[in-house]
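Given the coordinates of chain V, work out where chains X and S should sit on it, guided by the hints.
Chains as they are written, first to last, in our numbering: chain V, 1 to 292; chain X, 1001 to 1232; chain S, 2001 to 2339.
I should point out that these hints are in silico values taken from the structure, not numbers from a laboratory.
Treat the hints with caution; some may be incorrect.
Said to hold, decoys possible - Derived CB-CB ranges, DEER-like:
| id | chain 1 | residue 1 | chain 2 | residue 2 | range |
| --- | --- | --- | --- | --- | --- |
| 1 | V | Ile263 | S | Ser2026 | 56 to 62 Å |
| 2 | S | Ile2293 | V | Val137 | 52 to 58 Å |
| 3 | V | Ala97 | X | Ser1035 | 29 to 35 Å |
| 4 | V | Gly132 | X | Val1113 | 56 to 62 Å |
| 5 | V | Gly132 | S | Arg2176 | 55 to 61 Å |
| 6 | X | Gly1013 | S | Glu2219 | 24 to 30 Å |
| 7 | X | Gly1013 | V | Ile263 | 55 to 61 Å |
| 8 | X | Val1113 | V | Gly158 | 34 to 40 Å |
| 9 | S | Gly2133 | X | Gln1012 | 20 to 26 Å |
The beta carbon of each residue, even a glycine, is placed where N, CA and C say it ideally should be.
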Amino acid sequence: MTDLLSRLPAIILDGVVLGLQFGLLAAGLTLVYGLGGVLNLAYGQMAVISAMAILFAVNAGVPILAAVVVGLITGGLLGLIFDQTLLRPIYRRQGEARVLLSLLLTLGVAFMVDGYLNWNDPTAGLTIQIGGGPIDVFGVPMRRGSIVGSAIVLAVFGLLFVFFRSTVLGRAVRSVIEDEEGARLVGIDPSHMLRIILVLSGVLAAVVAVTQSMIRPVTVTAGFSITVLALIVTVVGGLGSVSGAFLAGLILGVINTFATSEIGTFLSLIILLVAAAVTILIRPSGLLGVRE
Amino acid sequence: MLDVRQLAAGYQGNDVVHDITFHVDQGEAVMIIGSNGAGKTTLFRAMCGLSEPSSGTVVFDGADVTGEPAQRIVRRGFGFVPAERHLFPRMTVQENLALGAYPERPGAETMEVVFDLFPRLAERRKQHAGTMSGGEQQMLAVGRALMSQPRLLVLDEPTTGLAPKLAHEAYEALAALRDRGLTLLVAEQQVPLAMAFSERGYVLENGVISLEGTSEELAADPRVRSAYLGLS
Amino acid sequence: MTERFAEATGTSAVGGTEEHAAQALSALFVPIIAIGAVLALLPLWLGDSRVLMSVSVLGLAFAGYTVGFNLIFGSTGQLFLCVGALAGLGGYGAAIFADTAGLPVIVAILAATVVSSITGGLLSWIAVRRSLGVIFTGIVTLIFALAFHNLVLGLGDLTGGESGFLIESGRDTFLRSDAPAFYLMLALVLVYLVVHGLLRRSHVGWAFRALRDDEVAAELAGVDVARYRVLAALIGGAMLGMTGAVYGLTQGRVSPSTYDFAEVDVVVVVMLAFGGIGSLFGPILGAVTFTVINELLVDLGHLRLVPYGALIIVLFLWIPRGVIPTVGDLLRRRRSPPG
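Isolated chain V (complex conformation) (with noise of 0.2 Å):
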């Protein structure tokens, strides 16, 4: 009993930086459901892609900080070409119809990205070196890594919360999916909204795939794996709902380091799922969601 409860702190820890991994992985693909009704199965593809530009630009000898911004914009642009491709389609269906037609279409780029990436070099992984021994926390010796990821990921969830909180453009997209033929009322396209979100999430990939490259190295094989863990947390945070999605990550991240710790990697797993699976069947809306 000592024993964990020694092993406790370092356990919370580390389950909030997986935590915050969580959140801002979720946040992305909540955004784009919740305003778009829109399930992007391709994100965690995305993630992979800008992880993979990063790593091109870093072989061509291009400074570190250099190549993270071709990573960004890569993720953008992914979003931006996702919205005027896929989502053209799908934007001429409504609510179900529309939701099982983005699942399907972007299931299958993800299956052609994944299988190109994987056939072409499955060994490919991006790796970010934070220089520099151990900071203590709390008297736990963290990585450095950990420490500038999670530092990021807070700082880019601070600009989010500030964002929709308090500029015109935030509100307005909070205004689509509180209600989409209210906001078109007062004169905001919602497809444009959905654009600039779709970018938005586009971004928050690359993100994402910068600060946990830093933790651990983020692989081509991760795609699949990265979707289903967002997709879980997205469910349990509620669909639609940024917070929730933060909120919920830190819960399920700690969740997850605990179990992992006690238990067991792949009966950790299942709690996850579990957790996901019962509160679908519970409270759907999630801890803080919006839409169903």
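Just chains X and S now, with coordinates in the frame of chain V:
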């Protein structure tokens, strides 16, 4: 200001309203009356761009806006308050009103004007729209539409779900707007209220306009009296 | 053409004249027998190649999976993304019942089938009780599929974990030889088609069609939507489980990748979408087509996902109803032009 000619609209190929022709001139207060199911909402939604008309034209201030999506029509100085209001439930009164001015930042004076018109909203600035009563929500919906300083305000059944006293108050507010020179078009089931408020009107029955005239003419018409005023 | 005839006489076969009933049944059995006869010739042609025979057996397994999925999704609109998991319950169940528990092979297969069936029914019942729409049913069943996968990996002592479960039972029987295994799987698939076909022509099939077209109207008409959904899931689950069990036993080995989402579910969805969701013979067309395509592309390895992905996109954008119904529509329009 608003010229609608031979408009037809409906759902999935079946027209609910046919051959609708009417107009609203600057400064007028015009009503379209009819019972439930006559097609008022279908007509207004098609006119204001929430749905597409199947045929006909809508001309606003000389510009052909037929089939333009709502988000563009609204930016031309055309305000629409639908029957379901479509407020933003988890945003405050203030945020709802602020968005009414989109894409501009909300002018402080405009918001004060709205609060003067609807003092109850001023008391509830920070309240979430979803928690307000029907009457307050109606006020908020009208207030939001006013934030963009429209030249024409169109309302679909503004008294939906309102108790008689509140319905009267609503029309008092609309009358105040009319007196300030705002052009108004109202679709209404509660005919006496609409008649007291407007100068001219049209009667919509089974998807077509069956009668038109000034409020006095309509009030004197025996068909209107028996069908909508409960008089013989 | 069979479909048209079936649709035309399907409902009238219920309580119709004996002649009508006989016509309707022959409309069902004749194509099934024909398909069976054609496929039965396959071993004569491929018999020498162990590889090709094994591919064919796998192809038949997929046909079985797809018929089961068709019954669940095509007939009653329940998006079950756990086809592989339900088949895996059958496969691992049979392996564990036969080897670990020592039950006779046939009993093991039946027991595993029952487990799959009940699981399918349970999932359906939960979805009905919680009024889960198509998307959430899909997500919940996907969660189940992933949980099952991880459970198999996690309970290594019971299941053999990552490396799989080598099955001793049935080792020296006919199950492990190419041709008998093929004919066994073929027989299963044909039986499934008969079951599905008979269901469609019965009042059960009428209820299925009613609730798939308009759930609310069906409820009002007195159709107990819950009961028919669960029934479809029970039968479909049984088909999936039995196929998984028999397939596992013929291969002598089951592993997590045998019943993986990416290996099974995705392929089954594509097969059914191609062949025709809800059509009786769609699964056969889909299974045959994609088994052949997969074999032709086998050298591409992981790159195969690219054409599959592209095909999913093309299919769901332009031929969402699948080949058989779309062709049926075209033929119908040729014979009686709209007017």
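Now for the hints, and whether the structure bears them out:
1. Look at Ile263 of chain V against Ser2026 of chain S: about 59 Å separates their beta carbons, and that is inside 56 to 62 Å.
2. A C-beta distance of roughly 54 Å is found between Ile2293 of chain S and Val137 of chain V, which places it inside the suggested range of 52 to 58 Å.
3. Taken as a hint, the range 29 to 35 Å holds for the pair Ala97 of chain V and Ser1035 of chain X, whose Cβ atoms sit roughly 34 Å apart.
4. Range check, Gly132 of chain V to Val1113 of chain X: about 59 Å between beta-carbon atoms, so the 56 to 62 Å window is met.
5. One distance hint, 55 to 61 Å for the beta-carbon pair Gly132 of chain V and Arg2176 of chain S, holds here, with the actual separation near 60 Å.
6. Evaluation of the 24 to 30 Å hint for Gly1013 of chain X and Glu2219 of chain S yields a pass: the beta carbon distance comes to about 27 Å.
7. Taking the beta carbon of each, Gly1013 of chain X and Ile263 of chain V are about 59 Å apart, inside 55 to 61 Å as hinted.
8. The hint said 34 to 40 Å for the Cβ distance between Val1113 of chain X and Gly158 of chain V, and at roughly 36 Å that hint holds.
9. Between Gly2133 of chain S and Gln1012 of chain X the beta carbon distance is about 22 Å. The supplied range of 20 to 26 Å therefore holds.
Violated hints for the displayed structure: none, as all numbered hints are satisfied.
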